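Protein chains in written order, with the UniProt record's numbering: chain L, 1 to 302; chain U, 1 to 302.
Possibly wrong hints are sitting among the right ones.
Treat identical chains as interchangeable: a pair holds within one or across any two.
Computed cross-link-like contacts, DMTMM-like style, restricted to lysine to aspartate or glutamate with a CA-CA straight-line distance of at most 25 Å [what the hints assert, rightly or not]: (1) Lys273 x Asp97; (2) Lys111 x Glu300; (3) Lys286 x Glu158; (4) Lys299 x Asp154; (5) Lys275 x Asp154; (6) Lys275 x Glu158; (7) Lys262 x Glu158; (8) Lys275 x Asp6; (9) Lys299 x Glu24; (10) Lys262 x Asp154; (11) Lys166 x Glu198; (12) Lys112 x Glu300; (13) Lys86 x Glu271; (14) Lys262 x Glu40; (15) Lys299 x Glu93; (16) Lys262 x Glu3; (17) Lys299 x Glu98; (18) Lys116 x Glu126; (19) Lys61 x Asp36; (20) Lys86 x Glu119; (21) Lys262 x Glu152.
Derived by calculation from the structure, the hints in this document are not laboratory data. All figures in this text were calculated on a predicted structure; none of them were measured in a lab.
There are 2 protein chains.
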Amino acid sequence: MLELPDKVTIKEVGPRDGLQNESEEVPFKDKVAWIDLLSEAGYSYIEFSSFVHPKWIPQLKDARSVATSIRRNPETTYAALVPNMKGLEAALETGVDEVSVFMSASETHNKKNINKSIEETYPVLEEVVKMAKQESKTVRGYVSTVFGCPYEGDVPVEQVAEVSEKLLSMGIDELSLGDTIGVANPKQVDDVLPRLQERLSFDRIAMHFHNTRGMALANVLVSLQHGITTFDASLGGLGGCPYAKGASGNLATDDLVHMLHKMGIETGIDEQKLKEAGDYIQKVLKQSLPSHQMQVLNKERV
Amino acid sequence: MLELPDKVTIKEVGPRDGLQNESEEVPFKDKVAWIDLLSEAGYSYIEFSSFVHPKWIPQLKDARSVATSIRRNPETTYAALVPNMKGLEAALETGVDEVSVFMSASETHNKKNINKSIEETYPVLEEVVKMAKQESKTVRGYVSTVFGCPYEGDVPVEQVAEVSEKLLSMGIDELSLGDTIGVANPKQVDDVLPRLQERLSFDRIAMHFHNTRGMALANVLVSLQHGITTFDASLGGLGGCPYAKGASGNLATDDLVHMLHKMGIETGIDEQKLKEAGDYIQKVLKQSLPSHQMQVLNKERV
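Given only the sequences and the hints, what does the whole structure look like? Please build it.
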C-alpha cells in the first residue's frame, strides 16, 4: 500500500538550526571537529552556520572561521544561512557552496522574525539571490510556518504557495517548507501537499518537520507518498526548542535515517558514524540529546 | 490519499504495563486516585493491574485492593492481566470486567518470559479462557514480539498468524499484537498486516506499538490505513523501558490521542483531563514523563 522511493536526500541543519537554539555556546574547535565528523558520515549537504550579526545569534558568531577551518568533503555541499547582503558577502568570501535565505508564509511571524512585512522582504531576498547567482552559487529558501503560525494559527495554503512561487521565480533552486512550530499532522500534510503540487514543482521542494508533538516521522511517511524525497533534519534532534532540555524540536537525523534504512530506502549516510557524531556533540554540550537513537545509545551504556 | 476511520478505540495500559516497568513503587492511594482520573478522562477501557505473584512484579502486588477501591465508571471496561488460574481466580473475586492473558509469538521470548514452550503455554491459557468464559467475562490476548524478538530477531508472519489463530480459537475476544521491543517500521507494518488479515478478522485485532525508535505514530498511521481501529497506549509513555529515564517504551496515549484528534478522528477521550492525569502520575513518580505532550506541558511551566 505504501509507495516509497528508493533514495532520499537528507540535509543536515544541526550545526546551524540546532546550535543556534542551544543556550550553551559550543567552543570553536569542537564545532569544527563535529562538522568534520558529520562530513565523514556521508551527508551530501550540511548547513554549517549562519552569517548573521552576533547580536542576534551569538552561538554562530564564528561562522567565518568555521567555514574556513572545516574539512571540505568534495561530495558534500556546505551551505550557510544569510539574512541579507552583508551576510552574503561574508559567506561568499569564505567560499561556501550554497547560501540559504529565509522568510515566513505568515505575515505576523515574518514581522516578528525579520522585522519586515512579507512584501518588504521580497526585494531584500531578491538582491541576495541575484548576487549569489552572479557568483554561481546555488540558493536555498526556507519558508517558515507552512503548517501553522504561533501568532496567526492557520496559514492558508494559497499564501504558502504564493510566497513559494515568488521565491522560486527569483531563481531560488530549492525551497524548504518548514513546520516551524511542529504542529503539522499527517492528514494535514496529506491535504496540503497535493494543493501545493498544483503550483510548485516537487523536485525543488524539501520538507522541514519539527517533532514537537511526535508526528515528524509520520509526516515524513506521508510526504514520501506524495513524492517528496528531500528532508531537513538535525542530528540527535538538536535545537529547535530552546526552552526545555529533553523536549524535541527539530526532527532528529538519526531517527529519520534509521526509519528510512529500515524501510529499505537509501540515504548515503552511515548510521554508525552518525552515532559517533551524535555522541561527540552530546559530550560537548554535556546533555543527553532527545533523539530516540541517542536515547537508546545512552541506555545501552547504563 | 490517506484513508482514515472516523473513530478509534484506545486501551489504556499505563496502570499495568506502565507501572510494572517503573522502578519506583506507586503508593496504593495514589494509584487508585490516578486510575480514577483516567476513568474521568473518558476511556472505554483501562487495564488497571495484573494478578501475578508479587515475587515477579512487586509494583502490582496491590492488584486486589486496587480493583475494589477504584471508582468504576459504567462506560469503562476494567481489565486485569492474569498469568494463570490462580491469577484468574483472584481477579474474578474482585469483579473485573475482563481478563487478559499473554504469550509470545517467538519461542525463545516465550520461554524466557513465561518459562514454557509455545506448545506448553496453550493448555494453560485454554484453561484460563474457559473458566473466564464460564464466568461470562470477555478475554483479551496479548501476543508479544510480533515484529521482532530480542533473542531470535525476525519472527515469521506465519508464526504470528498461527499463535493468533490458536488463541482466537480458544474463544479469546480480542488480540493485541505487540511490537514488544519497538522495532517495527511503517513498511514492515504495511507488509505484515495484509498477510495477517488473510487469516485473522481485524475487528478482533488491536495493535500495541512501542515508541523505542520513534516510529510508533507512523506505525499507527499505516495500521489505520489497513483497517485497524484499536490501539493500546500508556499515558505519558510510562513504562515499557525500565532501564533509562527519558527513553521511551510504550506509545504514549496523550501523543496518540493528540494526533488522532488533529486528524479529525474521535477517541472519546478528553485531552485536558488526560493532561491532568498525566501530570498527577508525573508528580507521584517525581519524574518527567517522556511523551511529547507531557514535555510540551512541562516546558510551558519553565
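Self-check item: Hints the structure fails to honour
Solution: 3, 6, 13, 15 and 17
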